[in-house]
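Fit chain B with the ligand to the given chain A structure using the hints.
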Amino acid sequence: MRISLNWLREFVDVEAKPKQLKADLTAMGLNVESLATASGDWLMEVEVTTNRPDCLSHYGVAREVAAFYRKPLKPLKFAVEESPPRASERISIEIADPALCARYCGRVVENVHVAPSPDWLAHRLDAMGQRPINNIADVTNYALMELGHPLHAFDLDRIREHRIIVRRARPGEPLRTLDGADRRLTANDLVIADAARPVALAGVMGGEDTEISLSTRAVLLESAWFDPASIRRAAKSQGLHTEASHRFERGADIEMAPVALDRAAALIAELAGGKILSGRVDLYPAPPKRDAILLRPAEISRLLGTKLAAEEVERILGALGFTVNRANGAGWRVEPPSFRLDVTREVDLIEEVARQFGYDRLPARVRPAPPRIEGDLDREKVLEVTDVLTGLGYREIIPSSMVDPADNALFTDRPPVPLANPLSQDASALRSSALVSMVRALEFNLDRGLSDLRFFELGKTYQAVASEHPQERRVLTLGLAGHRRPASVHDAGRELDFFDLKADIERLFEPFDLPGLRFDLGSRLAYEPGLSGQYLNGSEGLAVFGRLKSEIKRHYKLRSDAWLAEIDLERLLAVALRPRVFRPYPKFPAVQRDFSLVVPASLSYGQLAEAIEKLGVEEIRCVEPVERKTAAELPAGILPEGHVSLLLRVTFQSMARTLTGEEVEDAAGRICRALELQGARLRS
Amino acid sequence: MTLDEKIRKTLAELGVRDAEGVHALFDQVRAAMEIEGKDRSRWSSQRPDALRVRWLGRRNSILACIDENWLKAAPKELRPAVGSEFNSLKGRANAMLDLNLERFGIDTLPPGVTPMQAFRHDLTLPGNRRPPGSIHPVTRVMREIEDIFLQLGFHIEAGPEIETVYYNFDGLNIPETHPSRDDWDTLYVNEKTLLRTHTSPVQIRAMQKYNAPLYIIAPGKVYRHDNPDSSHATMFHQVEGLAVDRDITFADLKGTLDFFAKKFFGEKVRTSFHPSFFPFTEPSGEVAINCAICDGQGCRVCKESGWLEVMGCGMVHPEVLRHGGIDPGEFTGWAFGLGVERYAMMKYGVNDIQLFYQSDLRFLEQF
Ligand SMILES: [Zn+2]
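Protein sequences appear in the order of chains A and B.
So that you can map any letter, position 541 of the first sequence is 541 in the working numbering, and since no number is skipped, the others follow by simple counting.
So that you can map any letter, position 153 of the second sequence is 153 in the working numbering, and since no number is skipped, the others follow by simple counting.
Bound conformation, chain B alone:
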């Protein structure tokens, strides 16, 4: 039965007995209206109001028939349902056929937008946006670093932030009697307990837990007794890396960290390794990448050296392996540690480390 036939029958004749049937019936009418609204042939310039006559004309139009045959003839219990549906249909039809439509010009409508929707809205208004969520830039960088090492088969290990002096210092070959201990300004809980100053304690914990061979990275929070300023924070994040196996050499350290640097900073990046000192590695080193700002010519950012230090590294000290329960005669290892905030600052051009911890929406929504 076509729509034009249906509107000439009563509800009873159409077999509609409840509200649900009424809704379904009107759904069909609306669908038909939608289709005709989109049909270009009915918008021909010779008969601009053909559609209006067909739907809203005083006599024999679709709405007039519905009023006559469905609404007025409806059984009492169905009247409210039919009435409300009828009113809403009338509104929509009027909207569809509003003369403004002619002026709007249907030819310019974007695809998928019906003329009905079009004229009612100013489509240049901004979208009805749902504010997106985001992860913190430090997390974003941390994940990126993790992903590179996960790809290399490393696994992720964690350790406590409240550490013992043993794991943070003595086990890492940093005795109380040596000035190297002063390289880490430390927040203490008591004489034996402190807030870890680096993620390196995880090295010993992991060695004790898994023994060798071992390939891990350990991201996490670390703490320093440092007055906060634009480049120092009392709490920040590090990622520690450790590989212990037979036949591991300085060449593995160099190659793997060079691979990492290229993955993270870009394949054109060059690395340079120079000696340094950490009590828990020997030989110890720093990894630098060529300064992208001055292209190695020397600038303020790289202190005129053309290089930017990006992490500390070294071969695991035999004493540290021993503390981890690993025989340094059989196994060797390499390790690195890097500051995540520094990477985030380099990557996103953040010039003040404190911005990371302020939770300012204007900062967070940029990432």
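Chain A on its own, in the form it takes in the complex:
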């Protein structure tokens, strides 16, 4: 709401400098967005919250200012000079739906001369950002800005049979509104109709056919009160938002209707030279009764943490238009004014008092929560995970969770969660795979010539579930591209490979107690077959990882291979952290034995290592692969077709003693037999 300081001063004597007024308005809850001078005036953009339609006018703001500065607020009195005949002889008004229209006031002004408004009026509307139209329409707008009550002026002679009926529209009834749009109405829309047809969408916008024009001679002025919810529904369904609907849907002041009507009629008579017919038509079938609210001093201090003087409470509420009576016992019975539909409870009154008293004057104390013994275990685990990742050189990204479903489908079969009203196709569904966002992030950087990338995201995936609430799962996603370590003067730089990623994932699991952790080959939609794997905890999948499938790489025209991993955080965070328990290490010497093997390519290191482990030889401290060569890497004829050479190193060490040569030989022999049983052959 734009407020002119000069206009405001017509209702309250403001002594404060504009800058101070701005600060004070903010302090009372009317946040001033901007303050600017304009031809001898000051204009303020006041942010009026949706609960305060009463402040959508100069008079309403003046009331707040008067209360704050303890100044009188000028009462509203508008003298109306009436002439016969009675208005009711010229117009008949009927409210067919009193639930949606609680009051309808009308006046008739005849013999008007429609012309441009005088300069002072045009300037004021200009300053308010309103385009001046003519002296009739401008007056209704002026009254709106001044008093906050929306008015409408009809060309009386275009109202069929001079009859007004406030009713619901018939389904499909047409109305061309002032904006030139032809509208089809529904039974939910409240209309102002004449004997034959709707002439206005009640409380939202007038019709074009009954609009004031240069040939208008007689004016019907409407000042009504419409049900907020129904105005809101109608404005929404018609896609309209007007100054009138803005106020009616927030709740206009039903007692202001006749006052604003008189104000406008008198001003029209003054500016357009017409005569105001006697009497105000005022249909007000059931004036609303509002209960007084009990306000207790104890409740004020229970909420605000301090006692406020009774006089202060009474003064503030009185100045804001509330009727305050001392209640029997402690406290007051408070009747809210008609323009404060937002005040219905004791707490509403307490807010009024606190607001005008000033939040900054209320006391403050720091109050910590009672101490808790339980920690935030999930957070600790997430911190462990991020520490590991940042230590490994990963940078966290936070990409949008909203993606194009077509992109999403490249990475997963699970259905994403489509949005009913997306902003763009690019962001029209919540992803069901976080790989989409990760690949996009890699693409973004690769396209900009940034090549050595290591990213992680702690995010969620979302999945549509038929006729149920969609599911959310926490997921950790890794994305890598480029070199293992950037090339430099010191190192040539080596391309990332599967085992770099595998090592990072193993490192990631280290803080967790995962005795059943095992690797398996695995293939998923988005990964290159033969270059992807998974880690499982028992039978539960924990991580899937590998190289991005080349089709997808081509689809995104990625300039380099991308390595990806998805870690199921719901499962990982359910795992306890690994207990840190010291285990003494052996004091006796270790002995190493190398086993040089020729192995069929189909027999994996994993199988051989497992075979050795199954022997259960206590003295085996570790088994490690030292060298693996394929036939292509060796001179011709050294390896038979379809075989590889593998050098295994086994370290023996006992906790209890120095191993004898025989013991080691014996164990080595058992290992040889176990390996041969698997199909490996010892090289001579």
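Quick caveat, the hints were computed from the structure, so don't treat them as lab data.
The reader is advised that the hints may include incorrect statements.
As the list claims (entries may be wrong) - Dumping the calculated DSSO-like pairs for lysine-lysine here, alpha-carbon to alpha-carbon at most 30 Å:
1) A:17 to B:347
2) B:209 to A:381
3) A:629 to A:587
4) B:76 to A:629
5) A:19 to B:347
6) B:262 to A:307
7) A:17 to B:303
8) B:347 to A:381
As the list claims (entries may be wrong) - Short, incomplete list of chain A residues facing chain B, as computed with Cβ under 10 Å:
9) 33
10) 34
11) 419
12) 441
Heads up, the beta-carbon is just placed ideally off N, CA and C, and yes, glycines get one too.
Okay, now just chain B with the ligand, sitting in the frame of chain A:
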């Protein structure tokens, strides 16, 4: 046995029978070379090549003896091992004794750098850097906020991002029929389901889960049907705070949020509270801190007010307590909500909110 004695014996005499023994023996030689290389007295200016003569001289030098007694006399099976060790040792000795060393000037060596390492490298080259990892600036700020409230004994609570209309609106006293609902531009999944527009739904969920007393913060992602620009994002992060207990007053809200603001923005920061409207709190307010850019004098950043709004807050509305299953006659509460990106923008001088979501390495590596 000293080194000079050992090099005059054969491997067999020294009891070395396998490759492992060979390696161990050469290790000793290398260690001795290292020590002598560092020994200033052997670098005396009168005998600049004393060390060269001792190690690489044609006759009776250490390497000459090793060649004679260890390599040439080695049993066949140990020859490859000894040979390769010998060659590598020779290389190192040459390197150590390279005449360039004299010119390099050993007096200028940084502590801990041996002359051997020194001359081979141009030490002004940049370090062999491992690119570090980092957490996202939004996470960094979020953690900082969490830490302050954890210190105050609050605990962290989460809620779903895909919410019901009930938890996001109706339960928070924002009925469909009231224009306040329009304050939140909403992305819908269907009529009953939406992407939460704020973290406030966690308030009701937490009250229903734990009842009172309750002290939580709820960080997380929220979504708005807002066209993205430099100050608006369709997805961003909020932190919600909620304290419900007996005897909680507006004073606790003010004091605790002032404490928070000082912890986060600096102890000299001043706060100001002014009234606002949120359907789920009453009285409702905004917290502002004094503008550090203009020192309260008024500038473009603070819209000439001298103050910067940093969060919304208020006393929990009795209806909301009731929706959470808490008796408003017995308990009162306060709540706040803040936008994490805004804090990150203020803290790090980021001028475009979209930078947070682009995953640009040039942005990420600055934090
Ligand atoms: Zn400033």
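Checked hints:
no.: 1; hint: A:17 to B:347; in the structure: violated (33 Å)
no.: 2; hint: B:209 to A:381; in the structure: holds (23 Å)
no.: 3; hint: A:629 to A:587; in the structure: violated (35 Å)
no.: 4; hint: B:76 to A:629; in the structure: holds (28 Å)
no.: 5; hint: A:19 to B:347; in the structure: holds (28 Å)
no.: 6; hint: B:262 to A:307; in the structure: holds (27 Å)
no.: 7; hint: A:17 to B:303; in the structure: holds (17 Å)
no.: 8; hint: B:347 to A:381; in the structure: holds (27 Å)
no.: 9; hint: 33; in the structure: holds (7 Å)
no.: 10; hint: 34; in the structure: holds (7 Å)
no.: 11; hint: 419; in the structure: holds (5 Å)
no.: 12; hint: 441; in the structure: holds (4 Å)
In summary, the structure is inconsistent with hints 1 and 3 from the numbered list given earlier, while agreeing with the others.
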